[in-house]
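Going line by line, the protein sequences match chains A and B. Using my numbering, the first residue of the first sequence is number 220, and each one after it goes up by one. Using my numbering, the first residue of the second sequence is number 913, and each one after it goes up by one.
Heads up, some of the hints might be wrong.
[Said to hold, decoys possible] Not the full set, but computed from the structure, chain A residues with beta-carbon under 10 angstroms of chain B:
| hint | residue |
| --- | --- |
| 1 | Q365 |
| 2 | T578 |
| 3 | K583 |
[To be verified] Straight-line C-alpha distance at most 20 angstroms; calculated PhoX-like pairs for lysine-lysine:
| hint | chain 1 | residue 1 | chain 2 | residue 2 |
| --- | --- | --- | --- | --- |
| 4 | A | K584 | B | K967 |
| 5 | B | K1022 | A | K583 |
| 6 | B | K1047 | A | K224 |
[Unchecked claim] Derived DEER-like restraints, expressed as beta-carbon distance ranges:
| hint | chain 1 | residue 1 | chain 2 | residue 2 | range |
| --- | --- | --- | --- | --- | --- |
| 7 | B | K929 | A | G697 | 48 to 56 angstroms |
| 8 | A | V550 | B | E972 | 35 to 43 angstroms |
| 9 | A | V550 | B | K1050 | 43 to 51 angstroms |
Source of the hints: derived by calculation from the structure; they are not laboratory data. Glycine residues also receive a C-beta, built at the ideal position from the N, C-alpha and C atoms.
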Amino acid sequence: MYIFKNSLKSIIRNKTRNILIFVLVLLIAISACIALSIKNSADLARETMSNSLSITAQINTNRQKIMGEQPNLEDKSQMKDMLSQRLSIDELKNYATSEYVDNFYYTCSVSLNSSSDMEVYETTNSNVPEFGGKEMGGPRGGMQNQGDISIVGYNSHDGMTTFIDGENVISDGSVFDEGSTDNSCVISYELATLNDFSVGDTITLSNPNKETETYKFIISGIFKNETSDVYANQIYTSYESLKNIIDSSSENAEEIENDMGMTMSTALMDTTNGFFVFSNIDNYENFCKDVETMGLDTDTYTVSSSDVNAFEQSLLPLNNLSKFTMIFFVVILIIGALILIVFNIFSIREKKYEIGVLTAIGMKKSKVATQFLLEIFIVTMCAILAGTAIGALASKPVGNYLLDEQIQSIQTDMQNQNKNFGGNFQGTPPSMGGDMPDDNKAPNSENGAPENPGVAGNNYITDIDTTTDISVLLSLMGMSLILTLLSGSVGIISILKYDPLKILSNRT
Amino acid sequence: MSIIKMENISYTYDKKKNIISNLSYEFEKGLVYSIVGKSSAGKTTLLSMLSGLAKPTNGEIFYNDLSLSKINQFDYRSKYVGVIFQSYNLLPHLTAEENVILSMDISGKKIENKKQVALELLKSVGLNEDIAKRKILKLSGGEQQRVAIARTLSFDPDVILADEPTGNLDQDTENAIMNIFIDLAKQKNKCVILVTHSPKVASMSDVKYELKKSDIQ
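When you get a sec, could you build the whole thing from the sequences and use the hints?
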């Protein structure tokens, strides 16, 4: 107890030195508190979002790996074949049995031609979802003729994410039944208006490779999209209806010559995709490992999710900020510790006489060292507490200001990059590193991915609710202890080495 | 029975200069000893060895028949032996009273109402309450000397070692302080060992021990 009282007396009676130490540690504490609070917020935001985020993923060809391993031109056709490989629905269904999968649905899509008495809507938006594009698999072979209408078949309404999200809304009639084989379908309001179609009407579409091969669809509903006309030339039906059409086309297929003089089949080429739904990121990550144990050839296929990329991207500025503040925190801590060590070297020289007297009258060196450490600890702790209070108040405005700066910096980089690409940059956004999966470069709004992740940046977390909680406080307390021990260690070594008789003789 | 015994002790400074050589002596309780001798005779060195602050190069010192090398030197100085330094060695950032209380704290002895005890001790060496509340730097040399004496008496040690304890005191106070030492020896059965140049102090002691040439090489 008397050691504590002595420490207090010594602090009060050596005001100048202790005020200097207090101010120094206060500045360190404020910086540390802000840095830790921002890191805490980033972790919390990540956790909250990852827990509430529903993730959709696909198993696609591992383009990066295939293309990386086949750089020679002679292998181009082999590479093309490898890239066009697809897992069958049965294989996908097998992977969907993984315990981590919350839901699984699949689609197939083909392109058909409109009949001569039907007009196709000319979309104003250039970013039309391509169901034959990278994301959805792409046409195999690339020799076939493309139709002007896309037909997408869903095995489940769960897969109709644009309707679930409210982007598309049935304005007349209703959606087709799951599993129906009656070719009932929903068409866009634009297509319906242009051709004066209404619910119950029948539309006829033909195979673009064989005009005589026609298929009839019954309109069960008309959907509207208030914001975009990108879905105007798309028709949605059940997977089973479309599958029957594809099978029928395959049965009646003929061999013909295309414009380039190459032989090709008239059978409709479909693109099939399976979508795995996960309730959180952990399940997604576990699924990625699980499919390997279930036998997925990871040299050819990979699990990817644009939702995860979008999630990572939304946290990008906050993570960057968190990273920078933590680096700043470590630098401040090191510099602060060094300054404190120097302070304490001088301090121990000043206290040399006191140490000599105390040990000469019988105070154990360990107790003298404890008193010395206690002095530093009390000053440091008071400064840490004051710094935490100030830091807690300042962390939100400072954090949001820094986050805003970070977002602006990223957006400026993106805009510059986008400008360099004539406004159509679809590559990796700045600061994302080079590890973004390939599919993020060709976003598809049907899959719930951001419209244009390379440019927009509208999905970023722009406001943080920084939390200076007990974990931050404990971290700062720990920091205070480390600073005390680090800076006091030099003093302790000196105390242990001092010989009281020598100190007092020199003074005399 | 001796409380402190020196057996053939020598002290060599810088491995060359012999300060003390083969000195043997026994100190008993209830007596006041004066160690006298010329300057640089090794009086203060002898006191440092008796207090455990310095170790003899050869020979051994015993406290109650226990070698000092086997006693924790900090416990020895805080509980059994009180040292009054020539330059007082008080803590300047503390008051006279606080210096005395600190010594009681360090000893670890159970002392009731330490503040009151400190004030009484200071009063016994001629320092009133007003002086007791002053910081050391605001006291004269003589007052500081008395605080140092009060500090040593505070934890009631068996042996009191004092290096020129009356060096800065006037005649009256010198008498008063010597009376305190004599009382401690006679009434409280303490062993008081003084290093002094003062013939008066030496004459008031029970035993006068002179460090002679024969002790010094």
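Here is what the structure says about each hint:
With 10 angstroms as the threshold, the beta carbon of Q365 (chain A) stays out of range of chain B, its nearest partner Cβ sitting at about 92 angstroms, so the hint is violated. For T578 (chain A), the shortest C-beta to C-beta distance to chain B is roughly 7 angstroms, which falls under 10 angstroms, so the interface hint holds. Here the hint on K583 (chain A) is kept, as its CB sits about 5 angstroms from the closest CB of chain B, short of 10 angstroms. Our distance criterion of 20 angstroms between C-alpha atoms is met by K584 (chain A) and K967 (chain B), whose separation comes to about 18 angstroms.
Annotation: proposed proximity of K1022 (chain B) to K583 (chain A) holds, straight-line Cα distance about 18 angstroms (limit 20 angstroms). With a CA separation close to 17 angstroms, the supplied pair K1047 (chain B) and K224 (chain A) stays within the 20 angstroms bound. At about 53 angstroms, the beta-carbon gap between K929 (chain B) and G697 (chain A) stays in the expected band of 48 to 56 angstroms. As the Cβ distance of V550 (chain A) to E972 (chain B) is approximately 57 angstroms, the hint placing it in 35 to 43 angstroms is violated.
The hint said 43 to 51 angstroms for the Cβ distance between V550 (chain A) and K1050 (chain B), and at roughly 46 angstroms that hint holds.
Comparing the model with each numbered hint stated earlier shows that hints 1, 8 do not hold.
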